[in-house]
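A.B. asks: Below, each chain spelled out in residue letters.
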Amino acid sequence: MQGVFSQVAVMGSSGVLLCGLILLWRRGVAAYITAFTWQSVVLAALTAAVGYFGDDPQLYAVAALLLVIKAVAIPRLLRRVAQRFTVGREPAPYVNTGTSLVVSGLLVLLAHAAARPLEAIAEVPTRAGMPMAMGLLFISLFIIVSRKMAITQVIGFLMLENAIALLAVLATYGVPLIVELGVFLDALMGFLVMQIFLYDIHETFSTADVDVLKRLRH
Amino acid sequence: MEETLPLAGLLAPWAASAALAWALRGPGRLAAWLTAAAGATSLAAAAWLWAIALRGGAATAGPGALFRVDGLSALIAGCIAAVAGLAMLPWPGLEKGPADQGRSRVFRIFGSLFTLSMLVAVTINNVALMWVAIEATTIASAILIPLHRSRASVEASWKYILIGSVGIALAFAGTVLAYFDFVSRLGRREDALNWTLLMQVAPTLHPDVLRLAFVFLLVGYGTKAGLAPMHTWLPDAHSEAPAPLSAMMSGVLLAVAQYAIIRWKAVVDAAGGPAFTNRVLMALGLLSIAIGAFSLVRQQNYKRLLAYSSVEHSGLICLGLTFGPAGMFASLLHLLNHALAKSMSFLLAGRILARYHSSDVERVSGLVRTMPATGGLFGAGVLALMGLPPFGLFVSEFLLFRAGFTSGHPVAAAAALLLVGVGFVGLASHLARMLHGPVPDGIPAGEPHWWVLAPLAASVLALVALGLFLPGGVAGLIGRIAEAIAT
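Top line first, the protein sequences correspond to chains A and B. Counting in this note's numbering, the first sequence runs from 1 upward without gaps. Counting in this note's numbering, the second sequence runs from 1 upward without gaps.
There's no promise every hint is true.
Simulated restraints, written as ranges between beta carbons of each label pair [what the hints assert, rightly or not]:
{"no.": "1", "chain 1": "B", "residue 1": "GLY102", "chain 2": "A", "residue 2": "LEU18", "range": "56 to 62 Å"}
{"no.": "2", "chain 1": "B", "residue 1": "ARG149", "chain 2": "A", "residue 2": "THR99", "range": "50 to 56 Å"}
{"no.": "3", "chain 1": "A", "residue 1": "ARG27", "chain 2": "B", "residue 2": "ARG149", "range": "44 to 50 Å"}
{"no.": "4", "chain 1": "B", "residue 1": "PRO203", "chain 2": "A", "residue 2": "LEU101", "range": "42 to 48 Å"}
{"no.": "5", "chain 1": "B", "residue 1": "ALA465", "chain 2": "A", "residue 2": "ARG84", "range": "54 to 60 Å"}
{"no.": "6", "chain 1": "A", "residue 1": "SER206", "chain 2": "B", "residue 2": "PRO390", "range": "52 to 58 Å"}
{"no.": "7", "chain 1": "A", "residue 1": "ARG80", "chain 2": "B", "residue 2": "HIS357", "range": "34 to 40 Å"}
If you are wondering where the hints come from, they were derived from the structure by calculation, not from laboratory data. Where a beta carbon is used, it is the ideal one built from N, C-alpha and C, also for glycine.
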């Protein structure tokens, strides 16, 4: 039983990480949104599985919320924004695809090193997935700083949130429910405000390319 | 003992104010005065909590003592209530187009929510819910930055919400790591993230894991506190926001983030000693002071000058935390002084902007002739920020550097002193240019009614009082905090 649980955790977190990597080699907002949607679905399934094996029914509620908010509601809103701006292919990022993949490999290695003291003290069967969560966290940060389009940066931020949710569910079977609810509320409100700003940027600058946002830089 | 009343008095008025501002359409005068009344009630409640903390108690309320106000909470809550009360007054002529009722309404709704979430952040005992409240401050304030829509303000708000949200997400990762450490030692508990419980069990936690958590927490909350190198959003957001919002963000939002850092530093120090946290805080503090000081020399925009001055002072507060109990005392006093001086200066900068229609130092001159009272008060605010006597910041900076030299960090203290000197020169030359010189064509002279400026004059008097004789209530409270938390 413990063996199965451990394997499920590793497989699930690898799936979440892989969905994040898609952003590095595909070029196109529609593909990014699909990758994010699947990432959220895998994360929700993993959360439910941890709830089942770890015998914590609260996690079923968390998984359901994840599914509704991050796999259905937010992707739908994102698609609407993307269609409105008819953005197809993203302008070339600051770092090209080949280099990005090498960097992400190094980041995953770094994550393994950073997660070592965590794995050393963890007793939960899910601990083998923790480096994956850290890896996704670093890769999301890299996506946010290396991309030029505002909507891609938002998707990178959403993946960062997923990485932290993954870390929480693997390391501690989720944070206390009241905290979880507060985090969901913030995530949703934050996304809605970002979405308003996406429209604002588009209206004011007639482009969603943040390269034009340079007026204040000094 | 349950002290529900003062806590309700602190928080409820702002919730009510947001709801009323939302419900009342039409002429905003009634809503404006209701907001002012909310500010006054909240300030009175903060004074009450301050008195409780001064006697050595901690007010608690809510199920499972969810809210808990000790000395540190009371100090920051007092700053927030005072600055928010000042900024949310109905400022005639302070803002561009107060006649624009829609904007005023939006400002009152989200300004009240912003204040409420800051107050919740500093009074709640659970550090994860504190995170939720601090994240809520980002959302509420980001909505208000592009109140006067322009390319610059849209850009500033985008930078703010993206950098702020990413930073604060990392702070949550740090919180999760600390919770993980707790769970792996003591099992899952609903109250595991209560700060009081964390402090009790900290000596049994793993210092390694907590250090990793602290790095995430410091990067996260440091982003909100305007610490370099995560400060890049701050000059844009603080200079593009409407003046009352800049006053609140620069005056007290930075203090709320510092509060979170102080709470977590106490936990990590209790687990593995202060050497590690002091080292990283000192590095970030010195870097912030350096970037703030050199930018003060280079900048040509007076709102951005005030913003970079916030980076510098945030760095000083951070540096002071590493100088032992005496440094903690100086830091907290500096935090209070800075909240008063900076919020007042931003409100006055808003008045100057409304008159000169330019935030360029080059185009603003002859303030002493066009707006003698406003110019005089602005001058006093900037002199205070430069750390000159007789203002409170002189005393707190003096105490801070002395703590540095006596606690075995002479190099850091000397470097900071030198950098503060650079910032001093920068601010002084810009201030002289703004106050004196010829009045540009087409700028009318004159001042509004005295009562408009009276609250700001009161801030100056408070700063002088803090500089000439440190009031017993303030020194007593900060002394208690330093004793209780510093290591």
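A.B. asks: Can you list which hints this structure breaks, lowest number first?
C.D. replies: 1, 2 and 3
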